[in-house]
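Asker: Sequence:
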Amino acid sequence: MPLLPTLGLTIVYIGHFAAAAVILAVAPETPALPIAVAVAWPDIVWPGLVFAGKESVKVDRNNPLQSCVKFTSYPYSHSLVLGGALSIVPAALAGLIYQSVLVGVLFWVGVLSHWLLDAVVHLRDLPVLGWGRNDRRVGFGLWARPRLAFVLEYVFFAASVLLVAPPSMFVGLLGGGLLLHLFNINSFFGFTKKNPVGTPKRFALLALVGYVIAIIWFTMSWQ
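The sequence shown maps to residues 1 to 223 in our numbering.
To be clear, the hints were calculated from the coordinates, so they are not data collected in a lab.
Among the hints, erroneous ones may be present.
With a straight-line Cα cutoff of 25 Å, these simulated BS3-like cross-link-like pairs (lysine-lysine) come out [as the list claims (entries may be wrong)]:
#	residue 1	residue 2
1	Lys193	Lys54
2	Lys70	Lys201
3	Lys193	Lys70
Quick caveat: nothing in here was measured; it's all calculated off a predicted structure.
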């Protein structure tokens with residue numbers, strides 16, 4: 001399987017790291033690592049839940065576009081209320097590790113920012129409560145216009161960096177962010193006729209790998 005198309009189906013959504021940049025600009029004494037982990041948290045725990053059979057996703061083997069990935073069930077990782085409540089645990093742990101209530105609070109804020117930004121792009125599949133048959137699902141559906149979504153995500157990230165980050169960080173953040181975003185280009189432009197990932201577990205695993213790489217990049221760049 002070619003490397004670039006494979007990477008093109010990871011969920012490295014750099015838009016979430018715009019939220020990390022804003023949080024760190026507001027609280028500059030906060031270490032970057034827990035905030036980078038926080039904004040990625042729902043997509044860090046999601047692959048494990050997929051492998052455990054607690055959450056599910058459907059991947060269309062015949063279409064590489066992100067809009068054709070169906071997140072059929074992810075109440076624990078991606079619901080506003082239940083997911084937000086569960087994330088208090090890692091937030092408290094972060095506070096204990098760094099011996100800072102502020103780090104814990106900002107970790108939780110970072111987790112919540114993930115849901116809010118997901119709501120802009122997802123296709124009405126984000127659960128609000130996380131339980132009940134009549135749980136409302138939301139999503140403004142920017143992914144339905146994939147090329148526009150691809151451009152706007154980087155513009156949003158770049159604008160946030162230029163507004164809040166120190167100029168000394170511009171090259172690392174903007175350049176590294178662009179590289180990671182380009183790895184995701186096949187999901188929005190459909191250069192391959194088939195989906196190079198093909199299975200839910202492989203998709204989930206690549207999402208995890210992609211976010212780990214993104215966390216390392218952001219943490220190293222925010223120095």
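Asker: Output the numbers, in ascending order, of every earlier hint that fails for this structure.
Answerer: 1
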